[in-house]
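K.L.:
Sequence:
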Amino acid sequence: MLADDPWQEGLEARLDRLRRAGAVGPMIVVLPDAFTRLGGCQYLASPVVGDYETYLLDELRAVVEARWPIRAHGILGKSSGGFAALYHAMRRPELFEAVACHSGDMNFALSLFPEIPHLMNALVRHGSVEALLAAFDRDPNKRSGQWFSALYVLAMCSVFSPDDAAPLGLGLPFDLERGTLDAATLDRWSAFDPLRMIENQECQAALRRLRVVFIDCGDRDEHFLHFGALAFHRTLLDAGVPHDFSLFPGGHRGTSHRLDVSLPKLYQALRA
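Just so we're aligned: 145 in my numbering is position 82 of the sequence shown, and the numbers increase by one with no gaps anywhere.
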(Lines of atoms letter the chains of each structure in order from A and count residues from 1; the text may use other names and numbers.)
(Lines give C-alpha, C1' and ligand atoms only; values in the text may rest on other atoms or scores of the structure.)
Protein backbone atom coordinates (compact mmCIF):
# COMPACT_ATOMS: atom_id res chain seq x y z
CA MET A 1 0.00 0.00 0.00
CA LEU A 2 2.85 2.37 0.81
CA ALA A 3 4.66 1.22 -2.36
CA ASP A 4 8.18 0.14 -1.54
CA ASP A 5 7.97 -1.16 -5.12
CA PRO A 6 9.10 1.66 -7.44
CA TRP A 7 6.75 0.40 -10.16
CA GLN A 8 3.67 0.73 -7.94
CA GLU A 9 1.79 3.87 -7.03
CA GLY A 10 2.04 4.63 -3.31
CA LEU A 11 -0.89 5.61 -1.15
CA GLU A 12 0.11 9.27 -0.94
CA ALA A 13 0.35 9.56 -4.73
CA ARG A 14 -2.91 7.64 -5.12
CA LEU A 15 -4.76 9.96 -2.76
CA ASP A 16 -3.34 13.00 -4.55
CA ARG A 17 -4.51 11.61 -7.89
CA LEU A 18 -7.96 10.75 -6.58
CA ARG A 19 -8.31 14.19 -5.07
CA ARG A 20 -7.28 15.92 -8.30
CA ALA A 21 -9.89 13.84 -10.11
CA GLY A 22 -12.55 14.87 -7.60
CA ALA A 23 -13.09 11.29 -6.40
CA VAL A 24 -12.17 12.17 -2.80
CA GLY A 25 -11.69 15.32 -0.79
CA PRO A 26 -9.47 16.14 2.19
CA MET A 27 -9.00 13.17 4.52
CA ILE A 28 -6.81 12.38 7.48
CA VAL A 29 -5.29 8.96 6.78
CA VAL A 30 -3.53 7.16 9.63
CA LEU A 31 -1.18 4.27 8.81
CA PRO A 32 -0.29 2.28 11.96
CA ASP A 33 2.80 0.07 11.95
CA ALA A 34 1.93 -3.31 13.44
CA PHE A 35 4.92 -5.34 12.26
CA THR A 36 6.25 -7.66 14.95
CA ARG A 37 9.09 -10.06 15.66
CA LEU A 38 7.05 -12.77 13.96
CA GLY A 39 5.78 -10.61 11.13
CA GLY A 40 2.17 -9.72 11.83
CA CYS A 41 -0.17 -9.42 14.77
CA GLN A 42 -3.57 -9.12 13.06
CA TYR A 43 -3.87 -5.76 14.89
CA LEU A 44 -5.06 -7.62 17.99
CA ALA A 45 -4.03 -7.73 21.64
CA SER A 46 -1.41 -10.34 22.46
CA PRO A 47 0.66 -10.98 25.60
CA VAL A 48 3.36 -12.34 23.28
CA VAL A 49 3.89 -9.54 20.74
CA GLY A 50 2.00 -6.62 22.28
CA ASP A 51 -1.43 -5.05 22.70
CA TYR A 52 -1.89 -3.59 19.24
CA GLU A 53 -5.66 -3.52 19.66
CA THR A 54 -5.50 -0.95 22.45
CA TYR A 55 -2.77 0.94 20.60
CA LEU A 56 -4.88 1.18 17.46
CA LEU A 57 -8.40 1.70 18.78
CA ASP A 58 -7.75 3.74 21.91
CA GLU A 59 -4.27 5.25 22.16
CA LEU A 60 -3.62 6.16 18.53
CA ARG A 61 -7.21 7.26 18.02
CA ALA A 62 -6.96 9.61 21.01
CA VAL A 63 -3.76 11.17 19.63
CA VAL A 64 -5.36 11.76 16.23
CA GLU A 65 -8.54 13.23 17.70
CA ALA A 66 -6.53 15.55 19.94
CA ARG A 67 -4.55 16.89 16.99
CA TRP A 68 -7.18 17.23 14.24
CA PRO A 69 -10.94 17.87 14.12
CA ILE A 70 -12.48 14.50 13.24
CA ARG A 71 -16.11 14.16 12.13
CA ALA A 72 -16.23 10.44 11.41
CA HIS A 73 -14.00 7.38 11.34
CA GLY A 74 -13.52 4.62 8.80
CA ILE A 75 -11.30 1.56 8.99
CA LEU A 76 -9.75 -0.06 5.92
CA GLY A 77 -7.19 -2.77 5.34
CA LYS A 78 -5.96 -5.53 3.09
CA SER A 79 -5.17 -9.15 3.96
CA SER A 80 -4.44 -9.18 7.72
CA GLY A 81 -5.46 -5.53 7.72
CA GLY A 82 -8.71 -6.46 6.01
CA PHE A 83 -9.29 -9.07 8.70
CA ALA A 84 -8.64 -6.47 11.39
CA ALA A 85 -10.92 -3.92 9.75
CA LEU A 86 -13.87 -6.33 9.80
CA TYR A 87 -13.02 -7.75 13.21
CA HIS A 88 -12.86 -4.38 14.91
CA ALA A 89 -15.90 -3.04 13.07
CA MET A 90 -17.89 -5.99 14.41
CA ARG A 91 -16.42 -5.83 17.91
CA ARG A 92 -16.33 -2.03 18.36
CA PRO A 93 -18.92 -0.60 15.94
CA GLU A 94 -19.35 2.54 18.02
CA LEU A 95 -15.89 3.64 16.90
CA PHE A 96 -16.53 3.62 13.15
CA GLU A 97 -18.92 4.80 10.48
CA ALA A 98 -17.51 2.73 7.60
CA VAL A 99 -15.35 -0.32 6.94
CA ALA A 100 -13.51 -1.66 3.89
CA CYS A 101 -11.99 -5.13 3.76
CA HIS A 102 -9.75 -6.01 0.84
CA SER A 103 -8.84 -9.72 0.61
CA GLY A 104 -9.27 -10.13 4.35
CA ASP A 105 -8.28 -13.28 6.24
CA MET A 106 -11.39 -15.39 6.84
CA ASN A 107 -12.75 -18.89 6.38
CA PHE A 108 -9.74 -20.20 8.28
CA ALA A 109 -10.51 -23.82 7.41
CA LEU A 110 -9.58 -23.09 3.78
CA SER A 111 -7.11 -20.23 4.10
CA LEU A 112 -5.18 -20.55 7.38
CA PHE A 113 -5.34 -24.14 8.58
CA PRO A 114 -3.67 -25.57 5.43
CA GLU A 115 -0.58 -23.50 6.32
CA ILE A 116 -0.11 -25.29 9.64
CA PRO A 117 1.75 -28.38 8.31
CA HIS A 118 4.46 -26.05 6.96
CA LEU A 119 5.25 -25.05 10.54
CA MET A 120 5.14 -28.70 11.60
CA ASN A 121 7.71 -29.56 8.93
CA ALA A 122 9.90 -26.64 9.98
CA LEU A 123 9.84 -27.76 13.62
CA VAL A 124 10.76 -31.31 12.64
CA ARG A 125 13.70 -29.85 10.71
CA HIS A 126 14.89 -27.41 13.39
CA GLY A 127 13.81 -29.19 16.57
CA SER A 128 12.12 -26.34 18.43
CA VAL A 129 10.50 -22.94 18.02
CA GLU A 130 13.58 -21.30 19.51
CA ALA A 131 15.92 -23.07 17.08
CA LEU A 132 13.66 -22.24 14.14
CA LEU A 133 13.71 -18.53 14.98
CA ALA A 134 17.47 -18.60 15.53
CA ALA A 135 17.93 -20.11 12.06
CA PHE A 136 15.64 -17.47 10.61
CA ASP A 137 17.69 -14.73 12.27
CA ARG A 138 20.88 -16.12 10.75
CA ASP A 139 19.48 -16.39 7.23
CA PRO A 140 20.39 -13.33 5.12
CA ASN A 141 17.52 -14.19 2.75
CA LYS A 142 14.59 -13.77 5.10
CA ARG A 143 12.14 -13.37 2.23
CA SER A 144 12.82 -16.93 1.14
CA GLY A 145 9.66 -18.93 0.66
CA GLN A 146 10.83 -21.54 3.17
CA TRP A 147 10.17 -19.12 6.03
CA PHE A 148 6.89 -17.46 5.10
CA SER A 149 4.35 -20.10 6.12
CA ALA A 150 6.20 -21.14 9.28
CA LEU A 151 6.54 -17.56 10.54
CA TYR A 152 2.98 -16.78 9.51
CA VAL A 153 1.58 -19.65 11.57
CA LEU A 154 3.75 -18.69 14.56
CA ALA A 155 2.41 -15.16 14.29
CA MET A 156 -1.13 -16.54 14.41
CA CYS A 157 -0.18 -18.58 17.48
CA SER A 158 0.92 -15.36 19.17
CA VAL A 159 -2.51 -13.75 18.84
CA PHE A 160 -5.02 -16.61 18.55
CA SER A 161 -3.58 -19.09 21.07
CA PRO A 162 -1.08 -17.46 23.44
CA ASP A 163 -0.07 -19.85 26.20
CA ASP A 164 2.14 -18.93 29.16
CA ALA A 165 3.15 -22.57 29.56
CA ALA A 166 4.34 -22.98 25.97
CA PRO A 167 7.81 -22.10 24.61
CA LEU A 168 7.91 -18.33 23.95
CA GLY A 169 4.24 -18.20 24.92
CA LEU A 170 3.15 -19.66 21.57
CA GLY A 171 0.37 -22.23 21.89
CA LEU A 172 0.83 -24.52 18.89
CA PRO A 173 -2.27 -25.93 17.16
CA PHE A 174 -0.87 -29.45 16.84
CA ASP A 175 0.80 -32.36 18.61
CA LEU A 176 4.05 -32.83 16.73
CA GLU A 177 4.86 -36.19 18.31
CA ARG A 178 1.53 -37.65 17.22
CA GLY A 179 1.43 -35.73 13.95
CA THR A 180 -2.10 -34.46 14.60
CA LEU A 181 -3.84 -31.12 14.79
CA ASP A 182 -5.25 -30.01 18.13
CA ALA A 183 -8.99 -29.49 17.80
CA ALA A 184 -9.31 -27.36 20.94
CA THR A 185 -6.65 -24.92 19.77
CA LEU A 186 -8.13 -24.72 16.29
CA ASP A 187 -11.47 -23.90 17.89
CA ARG A 188 -9.79 -21.03 19.77
CA TRP A 189 -8.47 -19.76 16.44
CA SER A 190 -11.86 -20.13 14.76
CA ALA A 191 -13.45 -17.82 17.33
CA PHE A 192 -11.55 -15.00 15.58
CA ASP A 193 -12.67 -16.02 12.09
CA PRO A 194 -14.88 -13.25 10.65
CA LEU A 195 -16.90 -15.94 8.90
CA ARG A 196 -17.79 -17.49 12.25
CA MET A 197 -18.25 -14.11 13.93
CA ILE A 198 -20.79 -12.91 11.36
CA GLU A 199 -23.08 -15.80 12.29
CA ASN A 200 -23.63 -13.90 15.56
CA GLN A 201 -26.58 -11.51 15.46
CA GLU A 202 -24.67 -8.88 17.45
CA CYS A 203 -21.96 -8.81 14.78
CA GLN A 204 -24.60 -8.56 12.08
CA ALA A 205 -26.19 -5.64 13.94
CA ALA A 206 -22.78 -3.99 14.31
CA LEU A 207 -22.23 -3.95 10.54
CA ARG A 208 -25.84 -2.97 9.87
CA ARG A 209 -25.37 0.31 11.71
CA LEU A 210 -22.41 1.39 9.55
CA ARG A 211 -22.84 3.71 6.58
CA VAL A 212 -20.66 1.58 4.30
CA VAL A 213 -19.52 -2.04 4.47
CA PHE A 214 -17.17 -2.74 1.55
CA ILE A 215 -15.76 -6.21 0.89
CA ASP A 216 -13.81 -7.42 -2.14
CA CYS A 217 -11.27 -10.05 -3.11
CA GLY A 218 -9.44 -11.31 -6.15
CA ASP A 219 -11.20 -14.27 -7.74
CA ARG A 220 -7.96 -16.27 -7.87
CA ASP A 221 -6.58 -15.45 -4.43
CA GLU A 222 -3.62 -17.73 -3.70
CA HIS A 223 -4.83 -18.24 -0.12
CA PHE A 224 -8.40 -19.00 -1.29
CA LEU A 225 -9.71 -15.94 0.51
CA HIS A 226 -12.24 -15.36 -2.27
CA PHE A 227 -14.23 -18.31 -0.96
CA GLY A 228 -14.31 -16.74 2.50
CA ALA A 229 -15.34 -13.37 1.06
CA LEU A 230 -18.12 -15.03 -0.92
CA ALA A 231 -19.40 -16.92 2.12
CA PHE A 232 -19.29 -13.73 4.20
CA HIS A 233 -21.24 -11.92 1.47
CA ARG A 234 -23.89 -14.65 1.39
CA THR A 235 -24.29 -14.48 5.16
CA LEU A 236 -24.74 -10.71 5.00
CA LEU A 237 -27.37 -11.15 2.29
CA ASP A 238 -29.25 -13.70 4.40
CA ALA A 239 -29.10 -11.36 7.40
CA GLY A 240 -30.23 -8.32 5.41
CA VAL A 241 -27.05 -6.34 6.08
CA PRO A 242 -26.46 -3.70 3.36
CA HIS A 243 -22.99 -3.98 1.88
CA ASP A 244 -20.88 -3.57 -1.24
CA PHE A 245 -19.29 -6.82 -2.43
CA SER A 246 -17.29 -7.79 -5.48
CA LEU A 247 -14.88 -10.41 -6.74
CA PHE A 248 -12.48 -8.96 -9.28
CA PRO A 249 -10.01 -10.61 -11.66
CA GLY A 250 -6.76 -11.16 -9.77
CA GLY A 251 -4.92 -12.84 -6.94
CA HIS A 252 -3.75 -11.72 -3.50
CA ARG A 253 -0.94 -9.44 -4.63
CA GLY A 254 -0.86 -6.45 -6.92
CA THR A 255 -4.36 -5.38 -5.97
CA SER A 256 -3.78 -1.86 -4.65
CA HIS A 257 -5.72 -0.54 -7.64
CA ARG A 258 -8.86 -1.58 -5.76
CA LEU A 259 -8.29 1.37 -3.44
CA ASP A 260 -9.52 3.49 -6.33
CA VAL A 261 -12.90 1.87 -5.67
CA SER A 262 -13.00 1.72 -1.87
CA LEU A 263 -11.49 5.09 -0.92
CA PRO A 264 -14.12 7.19 -2.73
CA LYS A 265 -16.89 5.09 -1.17
CA LEU A 266 -15.46 5.58 2.31
CA TYR A 267 -14.92 9.27 1.71
CA GLN A 268 -18.53 9.82 0.64
CA ALA A 269 -19.77 7.86 3.65
CA LEU A 270 -17.62 9.74 6.14
CA ARG A 271 -18.53 13.19 4.87
CA ALA A 272 -22.27 12.47 4.92
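FYI, nobody ran anything at the bench for these hints, they're computed from the structure. It is possible that part of the hints are untrue.
DEER-style ranges, computed between Cβ atoms [what the hints assert, rightly or not]:
#, residue 1, residue 2, range
1, G85, R130, 39 to 49 Å
2, D79, A129, 24 to 34 Å
3, G73, D245, 34 to 44 Å
4, G73, R251, 20 to 30 Å
5, A229, R283, 13 to 23 Å
6, Q71, G242, 16 to 26 Å
7, L94, P327, 27 to 37 Å
8, L158, P89, 19 to 29 Å
This structure is a prediction, so every number in the text was calculated from the model and none was measured. Note that beta-carbon positions come from the ideal geometry of N, C-alpha and C, so glycine has one too.
K.L.:
Now, for every hint given, state plainly whether the structure supports it.
P.N.:
Evaluation of the provided hints:
1. G85 - R130: 39 to 49 Å: Given a distance of about 27 Å, which is not inside 39 to 49 Å, the answer is violated.
2. D79 - A129: 24 to 34 Å: Distance hint for D79, A129 holds at roughly 26 Å.
3. G73 - D245: 34 to 44 Å: Holds, since G73 and D245 (Cβ atoms, about 42 Å apart) stay within the stated range.
4. G73 - R251: 20 to 30 Å: Violated: the Cβ-Cβ distance is about 37 Å, outside 20 to 30 Å.
5. A229 - R283: 13 to 23 Å: 36 Å, violated
6. Q71 - G242: 16 to 26 Å: The hint (16 to 26 Å, Cβ to Cβ) is violated, given that Q71 and G242 are roughly 42 Å apart.
7. L94 - P327: 27 to 37 Å: 19 Å, violated
8. L158 - P89: 19 to 29 Å: The hinted range 19 to 29 Å holds for L158 and P89, with Cβ atoms some 21 Å apart.
In summary, the structure is inconsistent with hints 1, 4, 5, 6 and 7 from the numbered list given earlier, while agreeing with the others.
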